[in-house]
Amino acid sequence: MTAIVLSIGTAVWYYANGATSVISNNYYDGVMTLLEELTERFEVIHVYLTDNTTLHAYVLNYGPSNITVDAYASVENQTYSSDIQNPVNISSGEYEYLNVTLGASSGQEISIKIHSRRQNNAYKTYFAP
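Going letter by letter, the sequence shown gives residues -5 to 123 in the working numbering.
Since the hints were made in silico from the structure, they are not lab data. Fair warning: there could be bad hints in the mix.
Said to hold, decoys possible - Dumping the calculated EDC-like pairs for lysine to aspartate or glutamate here, alpha-carbon to alpha-carbon at most 16 Å:
#1 K118 / E70
#2 K118 / D64
#3 K107 / E70
#4 K107 / D23
#5 K118 / E37
#6 K107 / E90
#7 K107 / D64
#8 K118 / E103
#9 K107 / D77
Claimed, not checked - Label pairs and their in silico Cβ distance ranges:
#10 L32 / D77: 24 to 32 Å
#11 A5 / P58: 43 to 51 Å
#12 Y9 / T95: 32 to 40 Å
#13 T95 / T33: 48 to 56 Å
#14 Y9 / N114: 56 to 64 Å
#15 A13 / T44: 55 to 63 Å
#16 T95 / N115: 16 to 24 Å
#17 E31 / P123: 31 to 39 Å
#18 N19 / I(-2): 26 to 34 Å
#19 I(-2) / P58: 17 to 25 Å
#20 Q72 / N114: 22 to 30 Å
#21 T33 / A13: 27 to 35 Å
#22 N71 / H40: 53 to 61 Å
#23 R111 / I17: 51 to 59 Å
Bear in mind the structure is a predicted one, so any value in this text is a computation, not a measurement. We put the beta carbon where it would ideally sit given N, CA and C, even for glycine.
Could you build all of it, start to finish, from the sequences and the hints given here?
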């Protein structure tokens, strides 16, 4: 009888130990992902337009985490984007530029949104020359 109780107790202990290990690992991974999202810092430092068709936006990553970003530009009611299939990776402390092909007339307001894959955004407004 004692052997049966000990074997059942041991089986329950191993099952509970494995389950709590998986739960704690998932919790830790979730917290670390959230921490990277919270410490993500980037901004648009320079914008220019060539031939009113290509918008160039320089993005500075001044946070401790590497980031992956896409660019969006809105002119009136039309939204344009960079190549979503090939997002730009920016290392911590570095800057990169993103290109958006669009159609803009002189004097039009262009709203720029840089969107990270961790759901953070940076905004800039630019007027076409």
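- [ ] Could you work out which earlier hints the structure fails to respect and list their numbers in ascending sequence?
- [x] 4, 12, 13, 14, 19, 22 and 23
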